Amino acid sequence: MMYNNEHFEPVITPNVDKPGCETLDFYLKNENGYKGLEKALKMKAADVIEEVKKSNLRGRGGAGFPTGMKWSFMPANPVDANGNPKPKYLVCNADEGEPGTFKDRLIFTKTPHRMIEGMIIAGHAIGSAKGFVYIRGEWFKEARLMKKAIDDAYAKGFLGKNILGSGFNFDLVLYMGAGAYICGEETALLNSLEGKRGEPRLKPPFPAQVGAFGMPSCVNNVETFAAVPYIIDRGWEKYAKMGIERAGGTRMIGVSGHVNKPGVYELPMTLTINEIIEIAGGVKGGKLKAVIPGGASAPMLRADECGCKTDYDSLAKAGTMAGSGGLIVMNDTVNIVEATYTLLKFYEHESCGQCSQCREGSHWLARMFKRILDGGGTQDDLDYVSHICSNMAGQTICAFADAVTGPALSSVRKFRSEFEELIVNGGLKGLGRTESISHRTEGAHV
Amino acid sequence: MLSEQIKTMINGLRPHFPTEQALLIPLLNEIQNEHGWVSLESMKAAGEFLNLPLSKVREVASFYTMYKLRPQGKVDVQICTNISCWLNGADKLMACASKKLGIHAGQTTSDGKFTLNQVECLASCGTAPMLTMNEDYYENLDENSLIKLLDQASADLDAKKVVGKSTRKEGVWP
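Going down the list, the sequences are from chains A and B.
Going by my numbering, the first residue of the first sequence is number 1, and it counts up by one from there.
Going by my numbering, the first residue of the second sequence is number 1, and it counts up by one from there.
Because the hints were derived from the structure by calculation, they are not lab data.
One should not assume that every hint holds.
Label pairs and their computed distance ranges (CB to CB) [as the list claims (entries may be wrong)]:
1) B:Met-1 with A:Asn-77: 42 to 48 Å
2) B:Asp-151 with A:Glu-360: 39 to 45 Å
3) A:Gly-353 with B:Leu-40: 19 to 25 Å
4) A:Lys-261 with B:Asp-156: 29 to 35 Å
5) A:Ala-129 with B:Asp-156: 43 to 49 Å
6) A:Glu-278 with B:Asp-151: 37 to 43 Å
7) A:Gly-432 with B:Asp-156: 41 to 47 Å
8) A:Asp-304 with B:Ser-166: 45 to 51 Å
9) A:Glu-245 with B:Glu-48: 56 to 62 Å
10) B:Leu-69 with A:Ala-46: 45 to 51 Å
11) B:Glu-48 with A:Asn-162: 36 to 42 Å
12) A:Thr-434 with B:Ser-166: 36 to 42 Å
13) B:Glu-143 with A:Lys-429: 20 to 26 Å
14) B:Lys-7 with A:Tyr-3: 52 to 58 Å
Here the structure is a predicted model, which means the values were calculated and not measured.
Don't be surprised by glycine CBs; every beta carbon is placed ideally from N, CA and C.
Using the sequences and the accompanying hints, generate a full structural model.
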């Protein structure tokens, strides 16, 4: 069958190319809309969590943590110091900002009800009566579409009081951020939701104990929620079978960069990177040189490593990660040092600044790569990259510093000769490049 | 200092959130939208409205990229230069915009029409390269389409039309 996987069928995107697919009518008529919710509301909360656990659904935001397990961490009946019950909050992380990732935006614009239904089911499972959808601030159109979808769901009684006569109440509130990559980190997101700087929190306590507004909270990615209705409606077995041993279902892979047909593809995890590049129309403008398989933070792979399968464990074994499913393809016209510098500039700008290692380290790395490109690099710089990275990864409050080291270290390790070429020849100019990167002026971010 | 419209909107949001401070980002978002930037005066007004010390307002306003702390042009042209856009020619786009407008990234044209900014990933990598003008996305660009866009925006401004806020026609907020 399709993609050499007899169990595969699109879970989230079967109809995203059809006109009107974002409407509630379409969802109800053609996609078994809100049938999963109907079923879930007749089940005990613990049984819903059990279904999701057995489906092997893993978080689609980047870390790949088992979703059912995350839900089961939520306390059953939390009380405050005076013995009064505490509210529990469900939060959707729609702060999609990992460079190379654009799958959640597709869900927002093409199948928002799937995510809403998934959130209501999750609310029932963890015993929460209130959900927040944290949307990145730049998504004005997407927020509008989601607002419309939420209003429609209220009008039909899928949200609000006594949903489908079950006695379960659930409200969904939209919240727009204001432009900060770090708010995709779940505890930074919670701080931002509280109207604070988006600075990650030290863990423990984890959000399941102390989350939004000090209450037990559960944060999941858009795609994670969007997979839930299918799991409940069709059963966990069908979903689990599509995947591999420790990860069920499909993945939405955003293929971008040097490919002929960039876009979001919902695919089984049994495919290799090379196969996915073929599906996206093959490499354009040259031969394959390198791939970043899971958003900018994932260490890059050389062309000869792209026979690797794209499930969480295979990519981890290859020394990289599945991350957020953003597959960035680079052809052989790309200078890897320059490409990595593009990413390091990004990290330098987006570091929240709480931890010295990350704040200074991301800045040093960006400056060092720029120096090499400008012709002032030395051989010592290359060893110094590893030295800086070893002082960043695992040394900070959140995983941002680790993310910075992904591209920095992998580029030096896998494409060392390109760095040496620049060092020996006096930078890009020495290689005959007249156009410099200098118009990317310092301090251009205002 | 705060318009009645903003106050009504924020008051409408209040029941949805357990704390006053949670309304700060929605409030600053609206100030940014109405004034095109967030001045010290509006920060003070925001603090008074939500009973927050100015320091709390300032630390938030200075943290997020979308809050502009000085006046901007009527159209904020933000070109994504991150990896997928860069691989597809964002640098050329930036150079072209810079030449066409006669300014560098971070600057505003002398007629006050355009501010040019370089931004990071806006989750539009499959349709790279892209830019935003104020709140609207423009995707799959090249130098020709960019010049056309800028000319159109300039003409629209001359005709007193609002540029790049197509989603503001109906309220985004609950």
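Evaluated hints:
no., hint, result
1, B:Met-1 with A:Asn-77: 42 to 48 Å, "holds (45 Å)"
2, B:Asp-151 with A:Glu-360: 39 to 45 Å, "holds (44 Å)"
3, A:Gly-353 with B:Leu-40: 19 to 25 Å, "holds (22 Å)"
4, A:Lys-261 with B:Asp-156: 29 to 35 Å, "holds (33 Å)"
5, A:Ala-129 with B:Asp-156: 43 to 49 Å, "holds (45 Å)"
6, A:Glu-278 with B:Asp-151: 37 to 43 Å, "holds (40 Å)"
7, A:Gly-432 with B:Asp-156: 41 to 47 Å, "holds (42 Å)"
8, A:Asp-304 with B:Ser-166: 45 to 51 Å, "holds (46 Å)"
9, A:Glu-245 with B:Glu-48: 56 to 62 Å, "holds (58 Å)"
10, B:Leu-69 with A:Ala-46: 45 to 51 Å, "holds (50 Å)"
11, B:Glu-48 with A:Asn-162: 36 to 42 Å, "holds (40 Å)"
12, A:Thr-434 with B:Ser-166: 36 to 42 Å, "holds (39 Å)"
13, B:Glu-143 with A:Lys-429: 20 to 26 Å, "holds (24 Å)"
14, B:Lys-7 with A:Tyr-3: 52 to 58 Å, "holds (54 Å)"
In the structure shown, no violation is registered for any of the earlier numbered hints.
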